[in-house]
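K.L.:
Listed below are the residues making up each chain.
Number of protein chains: 6
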Amino acid sequence: MHIRVVVPVLYSDELVEKAREEYTKAARPDTELSFVSILNGTQTIESQFDMALAQPETIRAIVEAESDDIDACIVACFGDPGAAGAKEMVSIPVVGEGEAALHFAHLLGYSYTIITVEETSIPIMKNMARFCGLSERLSSVRAVPFGVMDFSLACVDDVVRQSLAAVKDDGADVIVMGCTGTGVDMAAVAESRLEMELGVRVPVVDPVKAAISLAQGLVATGLTHSKKAYPTPVRARPEYEYHSAPAPD
Amino acid sequence: MHIRVVVPVLYSDELVEKAREEYTKAARPDTELSFVSILNGTQTIESQFDMALAQPETIRAIVEAESDDIDACIVACFGDPGAAGAKEMVSIPVVGEGEAALHFAHLLGYSYTIITVEETSIPIMKNMARFCGLSERLSSVRAVPFGVMDFSLACVDDVVRQSLAAVKDDGADVIVMGCTGTGVDMAAVAESRLEMELGVRVPVVDPVKAAISLAQGLVATGLTHSKKAYPTPVRARPEYEYHSAPAPD
Amino acid sequence: MHIRVVVPVLYSDELVEKAREEYTKAARPDTELSFVSILNGTQTIESQFDMALAQPETIRAIVEAESDDIDACIVACFGDPGAAGAKEMVSIPVVGEGEAALHFAHLLGYSYTIITVEETSIPIMKNMARFCGLSERLSSVRAVPFGVMDFSLACVDDVVRQSLAAVKDDGADVIVMGCTGTGVDMAAVAESRLEMELGVRVPVVDPVKAAISLAQGLVATGLTHSKKAYPTPVRARPEYEYHSAPAPD
Amino acid sequence: MHIRVVVPVLYSDELVEKAREEYTKAARPDTELSFVSILNGTQTIESQFDMALAQPETIRAIVEAESDDIDACIVACFGDPGAAGAKEMVSIPVVGEGEAALHFAHLLGYSYTIITVEETSIPIMKNMARFCGLSERLSSVRAVPFGVMDFSLACVDDVVRQSLAAVKDDGADVIVMGCTGTGVDMAAVAESRLEMELGVRVPVVDPVKAAISLAQGLVATGLTHSKKAYPTPVRARPEYEYHSAPAPD
Amino acid sequence: MHIRVVVPVLYSDELVEKAREEYTKAARPDTELSFVSILNGTQTIESQFDMALAQPETIRAIVEAESDDIDACIVACFGDPGAAGAKEMVSIPVVGEGEAALHFAHLLGYSYTIITVEETSIPIMKNMARFCGLSERLSSVRAVPFGVMDFSLACVDDVVRQSLAAVKDDGADVIVMGCTGTGVDMAAVAESRLEMELGVRVPVVDPVKAAISLAQGLVATGLTHSKKAYPTPVRARPEYEYHSAPAPD
Amino acid sequence: MHIRVVVPVLYSDELVEKAREEYTKAARPDTELSFVSILNGTQTIESQFDMALAQPETIRAIVEAESDDIDACIVACFGDPGAAGAKEMVSIPVVGEGEAALHFAHLLGYSYTIITVEETSIPIMKNMARFCGLSERLSSVRAVPFGVMDFSLACVDDVVRQSLAAVKDDGADVIVMGCTGTGVDMAAVAESRLEMELGVRVPVVDPVKAAISLAQGLVATGLTHSKKAYPTPVRARPEYEYHSAPAPD
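Line by line, the protein sequences are chains Z, B, D, L, V and R. Residue numbering for the first sequence is 1 to 249, as defined by our numbering. Residue numbering for the second sequence is 1 to 249, as defined by our numbering. Residue numbering for the third sequence is 1 to 249, as defined by our numbering. Residue numbering for the fourth sequence is 1 to 249, as defined by our numbering. Residue numbering for the fifth sequence is 1 to 249, as defined by our numbering. Residue numbering for the sixth sequence is 1 to 249, as defined by our numbering.
Fair warning: there could be bad hints in the mix.
[What the hints assert, rightly or not] List time: in silico DSBU-like cross-link candidates among lysine-lysine, alpha-carbon distance up to 35 Å: (1) B:Lys-25 with D:Lys-25; (2) D:Lys-168 with V:Lys-126; (3) L:Lys-168 with B:Lys-126; (4) B:Lys-126 with L:Lys-126; (5) D:Lys-25 with D:Lys-168.
Calculated from the structure, these hints are not laboratory results. Computed from a predicted model, the values in this text were never measured in an experiment.
Model the full structure from these sequences, guided by the hints.
P.N.:
Here it is in structure tokens:
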């Protein structure tokens, strides 16, 4: 099966390389992967404004993927920009990193906390949980004081500190990494650090692993989103022009 | 006070004229109004796809309004495309027709029904109520079998029929018109028809009246959205270019 | 338009004067205002008991307002005593300060906190939010240690302290003043103090401004409460006698 | 133990006699019962207006009961007028027929329907369930076309018809009688009629039995309402005068 | 009336004696009580695993009680293991200590906290509240650091400390003892300690008193669970063998 | 990877064969599968009573699987009997067919309906959705009039009829098969029949495919349930004896 990962930000070698690295490690060896970013958008996604700008090109990239006979698409951003609109335009599964991560978190315990970057993202994360219908088990959203571009393994101490506070003060029993793109397995590092501190395993959900797992599962089972929930728009729109940025091989 | 109405669809004389007519009738005589539509988008908004396409230009139009010293903006579409992203970018009040109409409906009874055009819009309407935090009193969404472009006073029989069914079968006590742009006061006509049929007054909320009333109220009271809820995006984005379509005078 | 403000406490020159001052400043210049208090009730409203006592006379005052051809009534108390019963008896809009303030708070952010006077009022405030169907975004209710009669601009430090705690500890992004009647613009003072402390604007909703704005908006749009939600009581009750206290001019 | 039943309507021999009959049959033989009605109110309670009028005198009757060393009070009306305010003023248990009936209904199944008199009471019943925090299992409220004064055993066919519809169409598995005061055991008759029709027992909760059972249980266990939830009002109110109507022996 | 208390753990003289002591003090003098424990299960119930093991024998004991013409059964454990399955198999009322305690807590205030033993029980308690449909008023679950077997009057300091924290930090106005079996009236001791500390009465609900009160009330009113909610299983199961442990007289 | 499917009913060649057939078709070719049923339980699971009986042996089978170095377990029944207790006892992923199916349904649309066998199962299904925290999007549960043992491809007409009613009358956009064990791909047949009738694809989720997909995904990503949510029971229980029925090869 062939899965296309749409990185919904302006093309940069660095970001696409990190996505490729993370997804390649997480995917099954027989899953073919391809990557695109977008030509019109922003460099990172940290606000509802950024998400709004990213949507048209992200949808276009997913429409193109379907006409390329790709089996499923992943939107490689926790906020899932464009996922709902794209589901209307295509029949192949479209998986957002955010909704995938929240489903795994919801499944693995009774109360999850999202660790995000920068306080300003907190409302977006809460909206995500509400929009996915999964806020019943959301205990809190906590931020580490870094921007998306500065988020790296060096931030793991802050991630662990906020995760411990989530478990102790907010009653969380599962942690969700609300940001990806570091190229390293931050979630696994944080999970083992947490287990050492707490004496019990508290899962740390990595959106990349959640998304690829769900995308592979949907393709394998032949399931895809409802066309009653995401109806195909009625009118053709030849007047609209799209541009997207294919990642170099 | 000067309020700008952003019609988040591709410019057409007809649509802007209808909006101008409706808003002029609904606004206070001392409220100055101006109208813009957008250069890049779709001709009507009937899907999440359409909303995604409309967002970048709608936001741009609102940013421009603030730099023109406009006092408040209205997004003239029930789905409020771009409203959340725009609130991040500006400090002036931004009122969506949908959220305004739902607040009035919520206030005037215990259980409201939205009458929308075409069945395919039903999920969008339910999401609106959920996103606005006002779904607790939503009893149902019902569709009349017309597209946005065909929606006119001739459809009032269908609107009344669905409204009566909402009251009798779904327990609704308030009706919300989920579509505007007919240029006539459909809500008032439907309300008096309903009162004749039911023997009691069931309010029919007109999104145009709700939006202009709320926008005027916010400007008058000096209230505007929270910058904690809608934080200004941290990074400048000089690389991004906007184009919008000013409506001819 | 003529709006009558019903102050649902025993008449005192001082309280009516403060209400007159606050409402006159908040209303449009062309809105005519009149004020009444009640003859049978309590001196302040700080409990469910006080609210129960205030209801019959408040309703009577609103019924009288309608027969005086007044356009809308405001119940000048956060607990909205008598508003539901009055809506059954009249057709003109009846706006409670509490429900008006909560609607504005709900609209301006994702999570609001009510600042009230005395801890004992906290359950009443939570019930208000629940009764209005707006508790989904209520993050907390916090009290300042003053009674209604001692609540004045001198309390602003406590209001700011509790508001900051609400933002930092409870995740609030909007503040609602849960008490009025100080005669000064406490909300505006608190809002600017908060902005200095936090560096971003967190709106502080003043129930007086919210109520007058909503009442004016309902009269202008011709909307009023549903008679399906608030049915006119079926039996006449000639045996029941009311008395109310008109405020001296 | 001595329990006082407050009938929150204007005194009539007939209504008090019916209450006495119903409560005497439902109470334990060693429970002493006394009955009062009120001097200022309405003849029946069928609206929020009626409830508002009944509250001051009902509270006064409960305060008087406590000073008479009564062990607990029951408010003999499904809408529980005055119960919340009275709980603030006294320490003895105060049980409303409505909240008692809803607790039993909630306990005995997963989904209950309230059968009330006249359609206009439907919003009041829904508010009751919400106010009691028990709306999660409320499936519907259905009305039979009679006023409170005409509600008698002759209405049982309509009660059964609406109950069957509740079970079949609304998914109800428990029925609550939303009106009492017929002097006969309407609930028991309806329950056996329902069992004959459905082939399985669907409990029909009688508010009188629920209220007396709960009141007796609270007295026996020494439990009463929280003074943190219902704080004693802080200021004395010597200026306020009450009058109530003791039922003749 | 005769009520049977099923202690859903392996028989031990000590546990059954404590249950007998607590229930005898709480029951009416004319209520006959009998006690059984189970032959196949665990020594205490502190996990979902323990509850799973206890269920078959608990159900069997309740089925046996009905064939012994017992009037009602109580499951003497906060987690109510087997109660739902037993309700399907019998027509007599089955009352769990947990659901009884939560109903009383829900009734007496607006916000309750459960005090349980050991942190590991916290998820079970939250599930109980959710399963009973009573989580809307659950403010928190707090643990004291003791196992069920070590829980005695000596732990009352910890219970009071956690209860005070619940009132002050979590907004609780009612406390529920999440563990019984100490043989002493821990709830009453804690309630008077709390009143001394807080200056107002915060009820502390004892599950034993709640359960016996509710069981007596159901028998007296003739109410029992819905057979629509708990349908009798369709197929006979002669192949299944039960064993239970009758408590020695 | 090796996944063990626990069929939580008394061993029968027929049922185990059907499970083997269904799971083998749904699993990846490189997934090793083994099957066990239980020695002490019932022949089918159609009630809360049946689920209670199945739990001890199901948990034992899962504990045994972990000590056999199996990678994950599936509970092959929509009610997931024993899954919660088993998660406390083991560290390997435990996936119930019900929770897996509900997660896929929740993901693929906004509103799902469960089609179950026999009306008496309806409360169990609603409880499942509530217990999994996924009831926000549950629109209805509908039954087809067959027992588990009679459920076969011959029932597909009834399944389609109820599914169409769910879409048209209840607003469903996704269907979940609430029963498995037919040995044929009922979901796929129903999905294509539905698409022919409705003209749009409404996904029909097959619990077997959902469960195997999720189990494979959890093993691949290294994620498993939280030990904070499902703590290992503290005391050893050597006194407890288990017996289970290995399926013949």
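K.L.:
If you test the structure against every hint from before, which numbers come out violated?
P.N.:
none
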